[in-house]
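Number of protein chains: 4
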Amino acid sequence: MIMDKKIRVAVFGAAGYAGEELLRLLLRHPNAEIAAITSRKNAGEDVATVFPRFTGLPLKFVAPSEAMENKNFDAAILALPHGLATEFAVPLLQAGVKVFDISADFRLKSTAKYKEYYKADHPAPELLSQAVYGQPERYREQLKTADLVACAGCYPTSSILPTAPLLAAKLALPDGIIISSCSGVSGAGRKVDLPYIYPECNESIKAYATVGHRHLPEIEQELAFAAGVPEIALNFIPHLAPLNRGINSTIILNAAPGCTLEKIGEVYEAAYGKEQFVRVLPAKRCADTKYVFMTNCCEIGYNFDARTNKIIVTSCIDNLTKGASGQAIQCMNIRFGLDEAAGLL
Amino acid sequence: MIMDKKIRVAVFGAAGYAGEELLRLLLRHPNAEIAAITSRKNAGEDVATVFPRFTGLPLKFVAPSEAMENKNFDAAILALPHGLATEFAVPLLQAGVKVFDISADFRLKSTAKYKEYYKADHPAPELLSQAVYGQPERYREQLKTADLVACAGCYPTSSILPTAPLLAAKLALPDGIIISSCSGVSGAGRKVDLPYIYPECNESIKAYATVGHRHLPEIEQELAFAAGVPEIALNFIPHLAPLNRGINSTIILNAAPGCTLEKIGEVYEAAYGKEQFVRVLPAKRCADTKYVFMTNCCEIGYNFDARTNKIIVTSCIDNLTKGASGQAIQCMNIRFGLDEAAGLL
Amino acid sequence: MIMDKKIRVAVFGAAGYAGEELLRLLLRHPNAEIAAITSRKNAGEDVATVFPRFTGLPLKFVAPSEAMENKNFDAAILALPHGLATEFAVPLLQAGVKVFDISADFRLKSTAKYKEYYKADHPAPELLSQAVYGQPERYREQLKTADLVACAGCYPTSSILPTAPLLAAKLALPDGIIISSCSGVSGAGRKVDLPYIYPECNESIKAYATVGHRHLPEIEQELAFAAGVPEIALNFIPHLAPLNRGINSTIILNAAPGCTLEKIGEVYEAAYGKEQFVRVLPAKRCADTKYVFMTNCCEIGYNFDARTNKIIVTSCIDNLTKGASGQAIQCMNIRFGLDEAAGLL
Amino acid sequence: MIMDKKIRVAVFGAAGYAGEELLRLLLRHPNAEIAAITSRKNAGEDVATVFPRFTGLPLKFVAPSEAMENKNFDAAILALPHGLATEFAVPLLQAGVKVFDISADFRLKSTAKYKEYYKADHPAPELLSQAVYGQPERYREQLKTADLVACAGCYPTSSILPTAPLLAAKLALPDGIIISSCSGVSGAGRKVDLPYIYPECNESIKAYATVGHRHLPEIEQELAFAAGVPEIALNFIPHLAPLNRGINSTIILNAAPGCTLEKIGEVYEAAYGKEQFVRVLPAKRCADTKYVFMTNCCEIGYNFDARTNKIIVTSCIDNLTKGASGQAIQCMNIRFGLDEAAGLL
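Protein chains in written order, with our numbering: chain G, 310 to 654; chain B, 310 to 654; chain V, 310 to 654; chain P, 310 to 654.
Hint data in this document are derived by calculation from the structure and do not stem from the laboratory.
Quantities reported herein were computed from a predicted structural model and do not represent experimental measurements.
Among the hints, a few may not be true.
A pair holds if it fits inside one copy or across any two, identical chains being indistinguishable in the list.
Stated by the list, open to error - Derived pair list, reagent style DSS-like, types lysine-lysine, alpha-carbon separation capped at 30 Å:
id : residue 1 : residue 2
1  : K350      : K500
2  : K314      : K583
3  : K583      : K315
4  : K583      : K453
5  : K583      : K424
6  : K369      : K593
7  : K583      : K380
8  : K593      : K572
9  : K428      : K593
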């Protein structure tokens, strides 16, 4: 355990919004220092050129290759585009660096599902089984010794955290789950494309990928684990909403016989009563993205419709914090034996 | 038929957003003239005091009592708060004025449902059976001779239009319908209350009334009519979203055996192929509030998930236009034999 | 005069926001029909592919060259990027087509100023002197017979309309004028570039081009004409604000001796009392972009600070309507002897 | 100096946005603990009832009278509405509590100005002279021993910080200063009033109080001090913009003879080169509210127009942080000998 010195952290692919959030959080982290900040495109530039909020700080982008040469750090957080993580993870792991990947590259356990959704064979199937799913509330013990962490995705975090305990407690049935989510535009990354320019997003709410979104198999995998069933097939319907940050997921579940509002509350209390970053609201209240904005919290609200026998759950996270960079740091804190909330309050 | 002269229209309760939208539309209506604009609170004031966009126009609020004295108009559009419509509708109907009510007061056929959701006996049950539901695409014939029109609500319009044809065609089952809707803040009216101030709404998406919203029985009533079943129980989950105008409804339906994407398209083509104000998108595309902003259109997108056997429909309207004032004018146009789109393009 | 038939209008460069607004307005124009819609990039496609709000309408983009072949129209509105208008205007004018250019290509009378701000010689200087400045409130007589109209820009419209009458009446001095404007993001066109994506614009207000913006010489030219002085040098400071549409200009002027609030009001009444699309607010009230949203109005508010001897004027327009497409149609209506407000209410 | 223990802080009037921001910052402050949280209206309630983001934390509102009884704290931060500070400050000061007032009650040195702008005699004129103006960059030494700190206002902070050094260095003239500012809606506090509801603010930019805003004398006072002149009369024009947080001020100054861009940069470097919370951008770049969002920074950009001999400065702050609660904590840190940035990074 390296409690007495700061852990050295490299951020790979730091020129996007998840990278910016990582830097923001690491800069105030009491037990971490930034060892390298990479960007293929911006190598050599001041970080402030890309993110003016860091003007005046001595931060520079280096080429990923440069950071890979000396590997002078304890942890690497990968905020790379889809498909690039393996190329970095393999040599980093060999060098003893702990790897926290924010992309979806190592989240699926099934290579078949990976191929179905990503239209390619996984380049390193052995890493899929090695990787620990980066969701502290459900895999804390495994994370303490994990070398490779596949941090949970944004939509999946907002979907799984409120749903898994209900399935595990058999209070909700694994069939017929509906998840309708709204995400702020930063969820698309810092992508320069017509659908993301301001006049196209403002005053606009629209669904997309209503069937077969890439986060679907990740959600189904983890909920099947939670329910203790071999497979779950559900509907996940994402929407783009005029927010910068935030995901609101509304989840409708078939209640098991005997379900009541009280029992739902008890299940949540048992699951999250001691969690620092999950906030369960009093019964019938609804989660609000505003109250998790720029925090590492997941807020959960619940209700029960006895007439239709449905459990209705709402959950909110900040997609860049609990849905990406904050969660990666939370996992890192656990792995290095630090206070789990270090740098996250 | 009074085609050769302009119909005279009184707007009751014109100081809210639906009232403002009514005035905006009526001012450019080629066959209508505004006969009276009432507001209890603002009687005597220039309309421009409340709505500066009408500065320079000779429009004044009068007390409702003053407008009721002479009843010098052919049509009255009521944009009053809940519960007040009966008091005006009865004498207006007696005087031969055609009444178009934007509130929910006459929409339910069942007095029991009314009592359940509004916690009071309906003051004029005979009007409930007399009123024609103001949704032109489904009740056009009845509207041609209606004296009292209960204009469809905003959430209900966005829910019923895309769902009713699928139920009527038996392509979707009446059980297990889920409707998750997001509404812009003008949907709450021009209400001055903490949850609606800008800093509370901006960067916020939150569900509310996840069980038992007042629009629920209206949706269930009309979908039961469409399905030809005595009763439907569904889940309707509204959300408040940071938009001024617009409702996005995402509807998940259990498909009947044999359902395909093509069949869904055919049902919509048969239902809406000739409708001027319903726009069905090509298969798999999703409706967007932006494309109906300040129009009287309902945009519908559809998809089919063979894996879970669900039909997923998205629909968007402008809550103040197709969801309120535009629809009222469309109904009025039908009733008075005018071009149905007069004033609405 | 061709009052008895519809004028045929071609829209060149219709795939941007000004083009979309032109189509929206022309589609409801009672005396105009759309003869051609051009886009180099989208030639052959349905207009609905680019602008889904037009789904179902029989509108197709053609190549500009195709529209130039037959020139089967009375008017051409050019919504092309900077620098391309001459290439179209010359042959169109030769063919007798009236040309309304929304770009800045023909707005400056001085070729020297053009070169200074656009870093190139003007390709057709003779057209600069021929073009009538497309601002109906100030050049209505000339517009009645103009063949080439250089429609006033968005920032210039919001700056000149409130300022010119004060200078013309010698109530304000031509020295030391300060104009600070905020524009919605559609003012940048439908440009796909990092500064315009939603997460960069939302919760952001920033100035840009604080010295030497390209709209500056246009404003100075017209204000010098209004003041009857050879030259004016002023400061114009644009800002990007999180709006879709709308420009708010705040203008600070040195008052001439004897200036009072009443005199300012009188000057405005004389200048705009009969104008349909300029709305002067009561003294001390301030213009609001919200009240001109999707209208062809310019709203003007004024105040006088006796302590510093400054006149403070606020003015708002919708940059896509009065600042671009609406104004072009207003000019076209004047040129063809139509009701000046046709299609604009 | 009480470096070895935590200072105990009471927050008075904590149910508004400045109060929420104070709690957010104090909760992560390493050297401070919250001793009392008062609200007349919400006394006895959990803080989470008013601010759900604090759900799960053991925070309760008490009546101000209860906090005043034992005065069991070292510092009191007053976030009360205008006019109430004196009533608390007098007994607190007598009890040896250091008082940091966020309101405008003690900012003006001149009782005459106070009466002119607030229409009442100041209730405790002796406190006006005793109070130190809470702007660390200009009054750091005095703050180290101040008992009563009148924290600088939001508009004033964004106006004075960029302007004072230019006046002090005689690079800008004290005459003819123009300040045009845009503020997010939280600047109005958590006020429930029609102009602040979402549909009124969204897509709206409007000026207000264009002559005689209450922050004007505060700005003039401090700039006169900086310029070393008895009095300054300037124009300050605030606008309401569709943001939650953030003020953007654009300031136009008459340059002194010999002014150049380089000299402006040198003045700023001398004034702020070592300041942790003032970030001067490279010449010609413009400040952006986005880059100070939820930070305690003031960002300053500058340009020089040789043609009109004007200096154009843009400055941005977060009105709730550097413009209110963050600045109060910065002052408190200075007063108690703590790291000036404690709790603010």
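Each hint, compared with the structure:
no. : hint         : result
1   : K350 to K500 : both (14 Å within a copy, 22 Å between copies)
2   : K314 to K583 : both (28 Å within a copy, 28 Å between copies)
3   : K583 to K315 : both (27 Å within a copy, 26 Å between copies)
4   : K583 to K453 : within (18 Å within a copy, 41 Å between copies)
5   : K583 to K424 : neither (38 Å within a copy, 43 Å between copies)
6   : K369 to K593 : between (48 Å within a copy, 22 Å between copies)
7   : K583 to K380 : neither (37 Å within a copy, 33 Å between copies)
8   : K593 to K572 : within (13 Å within a copy, 39 Å between copies)
9   : K428 to K593 : between (42 Å within a copy, 20 Å between copies)
Hint check: violations occur at hints 5, 7; the rest are consistent with the structure.
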